[in-house]
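Once you've looked at the hints, dock chain D against the given chain L.
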Amino acid sequence: MESLWVDIAVAIVKILVILGVALGVGAYLTWVERKVAAHIQRRPGPMVVGWHGLLQPIADGLKLITKEDLFPRYGNRFLYNLALVLALVPATLVFAVIPFGPEFEVFGYKVKPILTDVNVGILLVFGLGSLAVYAIALAGWASNSKYPLIGSMRKAGIIISYEVAITFAVMGPLILAGTLSTYKIVQNQIDQGLWYVWVQPIAFVVYMFSLLAETGRVPFDIQEAEAELVTGFTVEYGGMKFGLFPLVEWYIEVLTLSAIGVVLFLGGWSPLNIPFVGFVDPLFFLGPLSPYVWFLLKVTALFLFILWLHWTLPRYRIDQITEIAWKVMLPLALINIVITSLIAPFVWE
Amino acid sequence: MVRFLIFLLFSAWAIVSAVGVVTFANPIYVILWLLSCLIAIAGIFFVAGAELVGALQLLIYAVAIAVFYVFVLTAVPWEKAVKKDSHYRTEGILSLPVVLLLYLEMIIVFLLGVVASPEGKFREAMAKIGNAEVVGSVLFTKYFFAFEVVSLVLLIGMIGAVLIGRKESQTYEDDTG
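Protein sequences appear in the order of chains L and D.
Residues 2 to 350, numbered by my numbering, are exactly what the first sequence covers, in order.
Residues 93 to 269, numbered by my numbering, are exactly what the second sequence covers, in order.
It is worth saying that the hints were derived from the structure and are not from the lab.
Predicted model only: the values in this text are computed from it and were never measured.
Fair warning: there could be bad hints in the mix.
Listed next, with one range per pair, are the computed distances between beta-carbon atoms [claimed, not checked]: (1) D/Y161 <-> L/F79: 12 to 20 Å; (2) D/V227 <-> L/E229: 44 to 52 Å; (3) L/Y293 <-> D/K234: 42 to 50 Å; (4) L/F79 <-> D/F232: 43 to 51 Å; (5) D/Y161 <-> L/E229: 24 to 32 Å; (6) D/L193 <-> L/V22: 52 to 60 Å; (7) D/F239 <-> L/L343: 18 to 26 Å; (8) L/T301 <-> D/V114: 28 to 36 Å; (9) D/A117 <-> L/F105: 51 to 59 Å; (10) D/V206 <-> L/D70: 51 to 59 Å; (11) D/V111 <-> L/I66: 35 to 43 Å; (12) D/F99 <-> L/L343: 42 to 50 Å; (13) L/Y75 <-> D/L193: 39 to 47 Å; (14) D/L100 <-> L/L314: 48 to 56 Å.
For glycine and all other residues, C-beta sits at the position ideal for the given N, C-alpha and C.
Same shape as in the complex, but just chain L (with noise of 0.2 Å):
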């Protein structure tokens, strides 16, 4: 009995603790990818609200908090408001499967940071990231307006087509690590030696590029197009509900999906990993806290290369989107499958 509840409060820390660093270092990442998108276009970037601008974000919050709450006249209010639960509920339970660091123990107590190591994580991350699709579809209809709808269909029809690249392409990962829980697939990489990178790049190209599509990022937002939609889906939405579908697409479903790849492919929280050689650690002198340090490193250099993407690109038009996600990811994803089984049992050694 006792167990019981020492198991029920270890999961609401780790709930609450996960949920603070998701949402806070969500809003915060506004700062950054404003911050960075500057300095690539030689501007200093929000400057004015504390010391280079870094507290901006809060002052962006009370203004997005206080504005009016405006509504479409004929719209449906019941799913335009549900559509903001469904895009950052799904979302956020993401990070349930997402491991941070190895096991350890408190007082005696086994200790894992990953909320729930169910074994078949990897699906689930899938089925729940896209359930966005819902949210999607659901904020252009109920607006009962043009360009959301426009915008929602794009954003639909892209999630449909790399929903099925992305998931042919960690298959690859899979097949090598021969589990589909989170945890364990970090732990056979540091076993086996071996960031699945090295041996599965064409999987974590066709990956990278799925994230941008299903993330709206540059090159694939066309579903948010300034120029023609206005915002897209969210152009009937203001104040705070305004701000959280970015919020949900740009940041906290850009960190799960880069979350889950540095798991599926760069080792998780295992330090430097050299192919034949094995794993060189330069942050050694941290002790216990290095892995985290260097899943905290992986997970913000694929951060900033998305920014860096973003910022830098300009977009494709929908047809090539599609066209891209069925003629040339989907294809490749396949050869990859082929690939990676016949090389499987060399890693398996």
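Quick look at chain D alone, frame taken from chain L:
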């Protein structure tokens, strides 16, 4: 005990959603009730310890299949969705005996299945090697033939879809050319 309570919660949720599917007139609400029902069923699978089936239920039914309904329905014009001409009452009453017969058949099949199912046989193996592995090994050894036949059905469906799609694209080309 806790497990049973959670099971009751999910099954009540599933039944309420299923009733919602058949009673609501607006197709968008219907699809949302259907989605809620599918998620509740996934929850039931999770409670029963069938994690793989639960995740697949979520991934395939709740996302891959229901999404296409949403995709079609969001293209339904607003005025049509609000109209209440989707309920056919006389037809509904006329079809009631057939529906009852179907339910009777379902109950009989279910009871037969309970007698025939290998109860508890897989529990040991599942505890040893995990959910996905058990399903995979059973599927690719004992039921391999049935599995391949099912994939044939899917192949036929795909060929049909390609044929239907091709015809239309050809007429488009003729029009523009």
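Hints versus structure:
1. The hint said 12 to 20 Å for the Cβ distance between D/Y161 and L/F79, and at roughly 19 Å that hint holds.
2. Between D/V227 and L/E229 the beta carbons are some 46 Å apart, a value that agrees with the proposed interval 44 to 52 Å.
3. Distance hint for L/Y293 and D/K234: a CB-CB separation of about 45 Å, consistent with the stated range 42 to 50 Å.
4. Between L/F79 and D/F232 the C-beta distance comes to about 46 Å, which sits within the given range of 43 to 51 Å.
5. Look at D/Y161 against L/E229: about 27 Å separates their beta carbons, and that is inside 24 to 32 Å.
6. The given range of 52 to 60 Å is respected by D/L193 and L/V22, whose C-beta atoms sit roughly 56 Å from each other.
7. D/F239 and L/L343 have their C-beta atoms about 23 Å apart, which keeps the hinted 18 to 26 Å range intact.
8. In this structure, L/T301 and D/V114 break the distance hint of 28 to 36 Å, their C-beta atoms being roughly 50 Å apart.
9. As the Cβ distance of D/A117 to L/F105 is approximately 55 Å, the hint placing it in 51 to 59 Å holds.
10. For D/V206 paired with L/D70, a C-beta distance near 53 Å keeps the hint of 51 to 59 Å intact.
11. Against the hinted window of 35 to 43 Å, the Cβ-Cβ separation of D/V111 and L/I66 comes to about 38 Å, which satisfies the hint.
12. The hint said 42 to 50 Å for the Cβ distance between D/F99 and L/L343, and at roughly 44 Å that hint holds.
13. One distance hint, 39 to 47 Å for the beta-carbon pair L/Y75 and D/L193, holds here, with the actual separation near 44 Å.
14. The given range of 48 to 56 Å is respected by D/L100 and L/L314, whose C-beta atoms sit roughly 52 Å from each other.
Checked against the numbered hints given earlier, the structure breaks only hint 8 and satisfies all the rest.
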